[in-house]
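> Work the whole structure out from these sequences, hints included.
Residue numbers (this note's numbering), protein chains in the order written: chain A, 1 to 293; chain B, 1 to 293.
Any given hint could be a false lead.
Since the list gives no way to pick out one identical chain from another, each pair is judged satisfied if it fits inside one copy or across any two copies.
[Unchecked claim] The list that follows gives simulated cross-link-like pairs (lysine-lysine, DSS-like), each with its CA atoms no further than 27 Å apart: (1) Lys58 x Lys164; (2) Lys105 x Lys245; (3) Lys15 x Lys164; (4) Lys292 x Lys28; (5) Lys292 x Lys164; (6) Lys131 x Lys105; (7) Lys245 x Lys292; (8) Lys32 x Lys105; (9) Lys32 x Lys164; (10) Lys246 x Lys28; (11) Lys131 x Lys293; (12) Lys28 x Lys245; (13) Lys105 x Lys58; (14) Lys164 x Lys105; (15) Lys32 x Lys246; (16) Lys131 x Lys32; (17) Lys164 x Lys28.
Keep in mind the hints are simulated off the structure, nothing from the lab.
2 protein chains.
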Amino acid sequence: MGFNVVNELNSAVEKVESALEAYYSSNKATEKLTDAMKYSLLGGGKRIRAFLTLSFAKMYGATEEAAIPFACAVEMIHAYSLIHDDLPCMDNDDMRRGKPSCHIKFGEATALLAGDSLLTQAFEVCALNDKVSALSSVNAVRILSSLAGYKGMCGGQEIDLSDKVESYEELVYLHSLKTSALIKAACLLGLYAAVDVPNSEDVEAISEYADCLGLAFQIQDDILDVTGTSEELGKPIGSDSKNDKKTVLAFMSLEDARVASVELTTRAISAIARCPDSTTPAELALWLLSRKK
Amino acid sequence: MGFNVVNELNSAVEKVESALEAYYSSNKATEKLTDAMKYSLLGGGKRIRAFLTLSFAKMYGATEEAAIPFACAVEMIHAYSLIHDDLPCMDNDDMRRGKPSCHIKFGEATALLAGDSLLTQAFEVCALNDKVSALSSVNAVRILSSLAGYKGMCGGQEIDLSDKVESYEELVYLHSLKTSALIKAACLLGLYAAVDVPNSEDVEAISEYADCLGLAFQIQDDILDVTGTSEELGKPIGSDSKNDKKTVLAFMSLEDARVASVELTTRAISAIARCPDSTTPAELALWLLSRKK
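Structure below.
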């Protein structure tokens, strides 16, 4: 069975890619920094998060022009988090997306600044979005910052560092911050690209979808980390367990993990059944369940 | 001669300090991260930037309530930049404001995340400012992000790393990004707390003030780095030259540097003569010229 969503995703990847590229103009003095930012941001990302923003925006009637800057902002946050995650003091990963990590290519200091700069630029891009109301821009900044910061993604990374995860429930909490929070921001930014003041049922339904999708995605990552090939993944096999990271497989068998990811995918799809034409994010969830990398 | 501005500054420090503290609620799982953020953000900063925001806001008629969140946001950006600057891959400084740097106290990984989180929170705080219009919030985010990012402060840090500064002019350009950009953001955020759509003459006058003040401030820092005492500075004497950083003293004598900082201070004060009652920022510039730490 083929997934229609793959064609949609590929088309979105192209649009997001060229929108991202268009943000950069050259400046000789800071060329190395922008080169490092572009190295990690462009070419190679799956753009799942950007695609979620565009998909929810479309479902709620936003134009693509209104949603693209928000989609780019989410990808900038994602790229920054990967650069900082790969640094020696964090996961110390030399490879990312099949090529040397940012700090291997540009040095640690420039990689640190490239991450900082992408994080900062994400909010600039939201604020410069002139195809939405000022209120929508502010809401996008509010959602993205609250879900990416210490109460969201950064908080999840801190828990991940702390080595205090002793149960599946604690691991779920970790991933709700580390992975799902940014996915939730991506989905909600699509909604806010379309609607100035959305109703709370829509926000809750989309949040539930994102929470379930993020956890299913992470479980799938943990499964692929031990069953995939290095070539498929673009990073060494078993690198998560090598780094003593707790994965779901510390708390359940591979088979139970597969069942859990199917159940979470089903819950994600059910959550958005009430939203207008949810075919695309539903298909995306199924496709992600079938991915090999 | 005493400076009235010192009393105003001290009163602002108290208000900003309690506003900053109020942003944090406790969460057991991410306690270490918020502790690291608060360790670097609270208690010890001179709050010059916050004071500039409050001063320009007052000059243009904003309420203090409207300006405080923007002032806090600027201090969050400043605190993040110091945390990341002190990291081993950057300046590798063990001391900051007379106490161990964030990474010495909390470890590199948590320090990295604390910086990321403060940067992110700065934009959240701007977006949550409900005492100004949505347009003012968006403008604050736009200004702060564009001046703190790769075209501003981060770009300046990259040039500083590159060791390519061969002339006084290049050093001035470096500091216009590394130091003045955030000071400019601080001043402009005060204006935007008061006015939805400011006139361009005000923006230019305030920008000129900030450029001159920032450079004068940096020259003063370079002078104090060789003439101050470790106790006054809260960091080892000569730590900038130790790190092979180019300072203005690489291009001019101590005496010429003192003359340059006086001239820049005069230019800063002249620039804002056209603004409504500019006594406070003018006095601040004079007071900064006289500082010993």
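> Honestly, which of those hints from before does the structure not fit?
Violated hints (numbers, rising): 1, 3, 4, 5, 6, 11, 13 and 16; every other hint is consistent with the structure.
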